[in-house]
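S.K.: The lines below spell out each chain.
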Amino acid sequence: MSNKHRVVITGLGVVSPNGNNVEEFESALRAGKSGIKRWDNLEKINFKGQIGGKPDISQEYKEEHLPGFIAKKLQNHAVIYACLSGLEAWKNAGLDIAPGQYDRKTGLLIGSGALGLDSFIEHKIYPIDNGDHRKLGSRSVPESMSSGAGAYLNSILGLKGRIFSNSSACITGSEAILQAFEMIQSGKMERMLCGSTEGDGRYIWGGFDAMRILCSDSNDTPEKGSRPMSATSSGFVPSGGSGAMVLETLEAAEARGAHIYAEILGGDVNSGGQQGGGSMTAQNPEAVVDCIQTAISNSGIKSSEIDLISGHLTSTKGDPYEIKNWFDALDLPKDEFPLVNTPKSMIGHCVAGAGSIELVACALQISNGFVHKNINLEEIHPDILSILDEGKFPTDTEEKEINTIIKSNFGFGDLNCCVVLRKYKK
Amino acid sequence: MNREEIKVELLKIIDPYIDEKEVTTSISEQSDLINDLNINSAHLVDIVLDIEEKFDIMIEDDFIGKMDTVGNALDIIEEKLNG
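One line per chain: the protein sequences are R and X, in this order. Going left to right, the first sequence walks through residues 1 to 426 as our numbering numbers them. Going left to right, the second sequence walks through residues 1 to 83 as our numbering numbers them.
There may be inaccurate statements among the hints.
Once the Cα atoms are required to be at most 25 angstroms apart in a straight line, the calculated DMTMM-like pairs of lysine to aspartate or glutamate come out as [to be verified]:
#, chain 1, residue 1, chain 2, residue 2
1, R, K124, X, E5
2, R, K73, X, E52
3, R, K124, X, E60
4, R, K62, X, E53
5, R, K124, X, E79
6, X, K54, R, D132
7, R, K44, X, D15
8, X, K21, R, E60
9, X, K12, X, E52
10, R, K62, X, D62
11, R, K62, X, E20
12, X, K21, R, E64
13, R, K135, X, E79
14, R, K91, X, E20
15, R, K324, X, D50
16, X, K21, R, E63
17, R, K72, X, E53
18, R, K37, X, E79
19, R, K135, X, E52
20, R, K135, X, D62
21, X, K54, R, D335
22, R, K44, X, D36
23, X, K54, R, E63
24, R, K91, X, E78
25, R, K124, X, E53
26, R, K73, X, E5
27, R, K73, X, E60
28, R, K72, X, E52
29, R, K72, X, D56
30, R, K135, X, D32
31, X, K80, R, D132
32, R, K124, X, D75
33, R, K72, X, D32
34, R, K62, X, E9
35, R, K135, X, D75
36, R, K72, X, E5
Label-pair distances were calculated between CB atoms; the ranges are [said to hold, decoys possible]:
#, chain 1, residue 1, chain 2, residue 2, range
37, X, A42, R, K188, 30 to 40 angstroms
38, X, D15, R, G257, 33 to 43 angstroms
39, X, M58, R, E122, 16 to 26 angstroms
40, R, H133, X, G65, 44 to 54 angstroms
Calculated directly from the structure, the hints in this document are not laboratory data. Glycine included, each C-beta is placed from N, C-alpha and C at the ideal position.
Start from the sequences, fold in the hints, and give me the full structure.
M.R.: Shown next as structure tokens:
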């Protein structure tokens, strides 16, 4: 271990359907505030699921927080969310906006999912089909390339280290942060701004609706639609947003006297190979268990030290299987099993944005000593209650010291990612 | 629309593309969009599109290279409006 660096979180940023920044997001998590709404345009175009979560970002808010060009000219929501959350994290870490002034050990990694399918694309596709592609202007390429969110963010920050993006479906966000962690732990980088983003609207959500995997029974009660772990879970609620973190070596953070939210101990990424029950859309349970156990052993902890599981838990029929996998992986007696929560009951599933937003929630819970509630969990799924008691799934926010959180995301393509966070101690 | 009115609209169009706001105080007809105002050359096509939309004119690709200064851009817009 001696040649590996300790890696700490020194800055947080978020744009979520229930909060436009970290302060709003934390109070929304504590209060159980839903950011899910019904969108009338989806009814007109025959969507079964007409509810979703979109961050409420006004033009004034953009102009207050972003450079004029980005605030006034860019249309891609995924890019705008990432610029907002990334800048918030950077400033929150106490770092300067000083283009070109940080050395090449400071990098940036912003993952994305269906970046080019954001609703901005209507302004790009129609001109092409009408023979007017010359009207696309200079922004259509960077606003639709997978690395576009990071590229625009770095047009503000001017960092010179590794600048890249990942794309791994629903694990994109947690994988981005884990990958940044690994680069810093190994000494390749000293500091990384990392996270992920997802836009929103009918072009991203249409494919999911066509698969019949979105919640379609709550169009009149949108805030009740996302019900992870519930007996009545009926499909996920799609949403958009972005989370970001500044990670640094402990030495770098201490040298500049930075506030430390939490330490990242380790994690793991693997795939079930779309074998053994795994497929494009389902997880191979053996691989999930292996990912969780490897993340725990990579972190140098025992499962009994975990206080809280921040699950993937999307409000589909898969939730009981996920709980079963956690139970098998942690191998603890029922009464010693950690608490379980997920922000998805409030913000829906931000797809590629989910992991980073949820890791911001984890860092806040560790740093500020609370466990946020699960809303819409009046009736826990019977298959979950056959494994664990209902007390493990808090429906009220609890103020309590949290030392260790394990966070997972699972994604299309049978991908798994797990990250372990701990309260920082010298 | 006289040249002064066109200039007011043109400067509004250019404004979001200028990163360093300190240069906006000293814009004249001689100001070079790229060299003086530090506008990213990739954004010249965006400025042309914004001009086309604002003034309801069409600026062919051949003219884009001639729009190097504020004054030359005004010449082209005036010519198109009057042509």
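S.K.: Confirm or reject each hint.
M.R.: Okay, the hints, checked on the actual structure:
For the suggested pair K124 (chain R) and E5 (chain X), the alpha carbons sit about 31 angstroms apart, so the restraint of at most 25 angstroms is broken. With a C-alpha separation of about 16 angstroms, the suggested pairing of K73 (chain R) with E52 (chain X) holds against the 25 angstroms cut-off. Between K124 (chain R) and E60 (chain X), the direct Cα distance comes to roughly 20 angstroms. Compliance with the 25 angstroms bound is thereby established for this hinted pair. The straight-line distance between the Cα atoms of K62 (chain R) and E53 (chain X) is roughly 23 angstroms, inside the 25 angstroms bound, and the hint therefore holds.
Proximity of K124 (chain R) to E79 (chain X) is assessed by CA-CA distance (about 30 angstroms); at most 25 angstroms being required, the pair is judged violated. Annotation: proposed proximity of K54 (chain X) to D132 (chain R) holds, straight-line Cα distance about 17 angstroms (limit 25 angstroms). At roughly 38 angstroms between alpha-carbon atoms, K44 (chain R) and D15 (chain X) are farther apart than 25 angstroms, so this suggested pair is violated. Restraint check: the Cα-Cα separation between K21 (chain X) and E60 (chain R) comes to about 19 angstroms, which is no more than 25 angstroms; the hinted pair holds.
Annotation: proposed proximity of K12 (chain X) to E52 (chain X) holds, straight-line Cα distance about 14 angstroms (limit 25 angstroms). Distance hint between K62 (chain R) and D62 (chain X) is unfulfilled; the C-alpha atoms sit about 35 angstroms from each other, more than 25 angstroms. Between K62 (chain R) and E20 (chain X) the alpha-carbon distance is near 18 angstroms, which keeps this suggested pair within the 25 angstroms criterion. For the hint linking K21 (chain X) to E64 (chain R), the alpha-carbon distance of about 15 angstroms falls within 25 angstroms, and the restraint holds.
Using a Cα cut-off of 25 angstroms, the hinted pair K135 (chain R) and E79 (chain X) holds, with the two alpha carbons roughly 21 angstroms apart. Annotation: proposed proximity of K91 (chain R) to E20 (chain X) holds, straight-line Cα distance about 20 angstroms (limit 25 angstroms). Taking the CA atoms of K324 (chain R) and D50 (chain X), the gap is about 57 angstroms. The hint is violated against a cut of 25 angstroms. Only pairs whose Cα atoms come within 25 angstroms are accepted, and K21 (chain X) paired with E63 (chain R) is accepted, the gap being roughly 14 angstroms.
The hinted pair formed by K72 (chain R) and E53 (chain X) meets the criterion: a straight-line CA distance of about 16 angstroms does not exceed 25 angstroms. A threshold of 25 angstroms between alpha carbons decides the hint, and for K37 (chain R) with E79 (chain X) the separation of about 50 angstroms lies outside it, so the pair is violated. The straight-line distance between the Cα atoms of K135 (chain R) and E52 (chain X) is roughly 10 angstroms, inside the 25 angstroms bound, and the hint therefore holds. Of the pairs offered as hints, the one joining K135 (chain R) and D62 (chain X) holds, with about 16 angstroms between alpha carbons and a cut-off of 25 angstroms not exceeded.
Between the alpha carbons of K54 (chain X) and D335 (chain R) the distance comes to roughly 68 angstroms, so the proposed pair goes past 25 angstroms and is violated. At most 25 angstroms may separate the alpha-carbon atoms for a hinted pair to count; K44 (chain R) and D36 (chain X) exceed this at roughly 50 angstroms. Straight-line distance between C-alpha atoms of K54 (chain X) and E63 (chain R) comes to about 22 angstroms, which keeps the hinted pair within the 25 angstroms bound. Restraint check: the Cα-Cα separation between K91 (chain R) and E78 (chain X) comes to about 45 angstroms, which exceeds 25 angstroms; the hinted pair is violated.
Distance hint between K124 (chain R) and E53 (chain X) is fulfilled; the C-alpha atoms sit about 16 angstroms from each other, no more than 25 angstroms. A distance of roughly 23 angstroms separates the Cα atoms of K73 (chain R) and E5 (chain X); the hinted pair therefore holds under the 25 angstroms criterion. Annotation: proposed proximity of K73 (chain R) to E60 (chain X) holds, straight-line Cα distance about 22 angstroms (limit 25 angstroms). Taken as a hint, the K72 (chain R) and E52 (chain X) pair is honoured in the structure, with Cα atoms around 18 angstroms apart against an allowance of 25 angstroms.
Taking the CA atoms of K72 (chain R) and D56 (chain X), the gap is near 21 angstroms; set against the 25 angstroms cutoff, the hint holds. Using a Cα cut-off of 25 angstroms, the hinted pair K135 (chain R) and D32 (chain X) holds, with the two alpha carbons roughly 24 angstroms apart. At most 25 angstroms may separate the alpha-carbon atoms for a hinted pair to count; K80 (chain X) and D132 (chain R) meet this at roughly 20 angstroms. Distance hint between K124 (chain R) and D75 (chain X) is unfulfilled; the C-alpha atoms sit about 30 angstroms from each other, more than 25 angstroms.
Among the hinted pairs, K72 (chain R) with D32 (chain X) is consistent with the structure: their alpha-carbon atoms are about 23 angstroms apart, no more than 25 angstroms. This hinted pair checks out: K62 (chain R) and E9 (chain X) have alpha carbons roughly 23 angstroms apart, not beyond 25 angstroms. For the given pair, K135 (chain R) sits about 22 angstroms from D75 (chain X) by alpha-carbon distance, which is consistent with the 25 angstroms threshold. Using a Cα cut-off of 25 angstroms, the hinted pair K72 (chain R) and E5 (chain X) holds, with the two alpha carbons roughly 22 angstroms apart.
Here the CB-CB span from A42 (chain X) to K188 (chain R) is close to 31 angstroms, well matched to the stated 30 to 40 angstroms. For D15 (chain X) and G257 (chain R), the hinted distance range of 33 to 43 angstroms is satisfied, since their beta carbons lie about 39 angstroms from each other. At about 23 angstroms, the CB distance of M58 (chain X) to E122 (chain R) agrees with the hint of 16 to 26 angstroms. Evaluation of the 44 to 54 angstroms hint for H133 (chain R) and G65 (chain X) yields a failure: the beta carbon distance comes to about 20 angstroms.
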